[in-house]
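> Line by line, the protein sequences are chains F and R.
Numbered per the numbering used here, the first sequence spans residues 1 to 116.
Numbered per the numbering used here, the second sequence spans residues 1 to 112.
Note that these hints are calculated values from the structure, not bench results.
Please note that the accuracy of each hint is not assured.
Unchecked claim - In the SDA-like style, the derived pairs of lysine to any residue whose C-alpha atoms are separated by at most 25 Å in a straight line are:
id	chain 1	residue 1	chain 2	residue 2
1	R	LYS59	R	ARG98
2	F	LYS11	R	GLY40
3	R	LYS70	F	SER7
4	R	LYS59	R	GLN111
5	R	LYS70	F	HIS41
6	F	LYS57	R	LYS56
7	R	LYS59	R	SER27
8	R	LYS70	F	GLY58
As the structure is a prediction and not an experimental result, all values here were calculated from the model.
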Amino acid sequence: DAGITQSPRHKVTETGTPVTLRCHQTENHRYMYWYRQDPGHGLRLIHYSYGVKDTDKGEVSDGYSVSRSKTEDFLLTLESATSSQTSVYFCAISDPNLAGLAYEQYFGPGTRLTVT
Amino acid sequence: TQLLEQSPQFLSIQEGENLTVYCNSSSVFSSLQWYRQEPGEGPVLLVTVVTGGEVKKLKRLTFQFGDARKDSSLHITAAQPGDTGLYLCAGARDTGRRALTFGSGTRLQVQP
Chain F
1 DAGITQSPRH
11 KVTETGTPVT
21 LRCHQTENHR
31 YMYWYRQDPG
41 HGLRLIHYSY
51 GVKDTDKGEV
61 SDGYSVSRSK
71 TEDFLLTLES
81 ATSSQTSVYF
91 CAISDPNLAG
101 LAYEQYFGPG
111 TRLTVT
Chain R
1 TQLLEQSPQF
11 LSIQEGENLT
21 VYCNSSSVFS
31 SLQWYRQEPG
41 EGPVLLVTVV
51 TGGEVKKLKR
61 LTFQFGDARK
71 DSSLHITAAQ
81 PGDTGLYLCA
91 GARDTGRRAL
101 TFGSGTRLQV
111 QP
């Protein structure tokens, strides 16, 4: 258990509204990631962070922004939600000190977001 | 374009049968991981392979990394209903980004 929680776990929102999803970890892991999961696409990387205030874009970053002001929290914001952003969102962490391989990732339980 | 192609996409078998899931790419990966995901939960890491030709066994599951580090397979012997789930492969490349590329997944249903 890598001590990862996500909130909220479920959210329904209307098109055009802003939405912020939170990922919280309790063990000071350096790397944090946001993915979305859609049928037929597996997991696609939205943004990731390699330290406080250090973030970078993934393959599907359009329409999303992130912030990491503390080690333990990684926030994903949809500035103006669209129906195409209906998905399940997963947060993950990675840490070179876990099993010695930096690329192994440990996932949170997910947030199911529906944009109507 | 999916960098990692998994096959088959869906598999429904009877308890006791054997199966193999494939993960293929035209790219070379520094390591490759397999995850299993159950409904309503996040993926859980099963194994990491890092050396071309490497074979790892986890009880009834056998994982193999191709010699050229472009492909991998997962073989399950005598499948059980508890093996039901979505199996995902994920590859890491030495681009400095420390990010994984995931396959689209294989959904396995094992009928009792």
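> All the hints need checking, so say for each whether the structure fits it.
Against the structure, the hints come out as follows:
1. For the given pair, R:LYS59 sits about 29 Å from R:ARG98 by alpha-carbon distance, which is inconsistent with the 25 Å threshold.
2. With a C-alpha separation of about 14 Å, the suggested pair F:LYS11 and R:GLY40 falls inside the 25 Å cut-off, and the hint holds.
3. A distance of roughly 36 Å separates the Cα atoms of R:LYS70 and F:SER7; the hinted pair therefore is violated under the 25 Å criterion.
4. Proximity of R:LYS59 to R:GLN111 is assessed by CA-CA distance (about 20 Å); at most 25 Å being required, the pair is judged to hold.
5. Taking the CA atoms of R:LYS70 and F:HIS41, the gap is about 20 Å. The hint holds against a cut of 25 Å.
6. Of the supplied pair hints, the one linking F:LYS57 and R:LYS56 is violated, its CA atoms being roughly 33 Å apart against a limit of 25 Å.
7. Proposed proximity of R:LYS59 and R:SER27 is contradicted: the alpha carbons are some 29 Å apart, above 25 Å.
8. Between R:LYS70 and F:GLY58 the CA atoms are separated by roughly 22 Å; this keeps the pair inside 25 Å, and the hint holds.
Hints 1, 3, 6, 7 from the earlier list are contradicted by this structure; the remaining hints agree with it.
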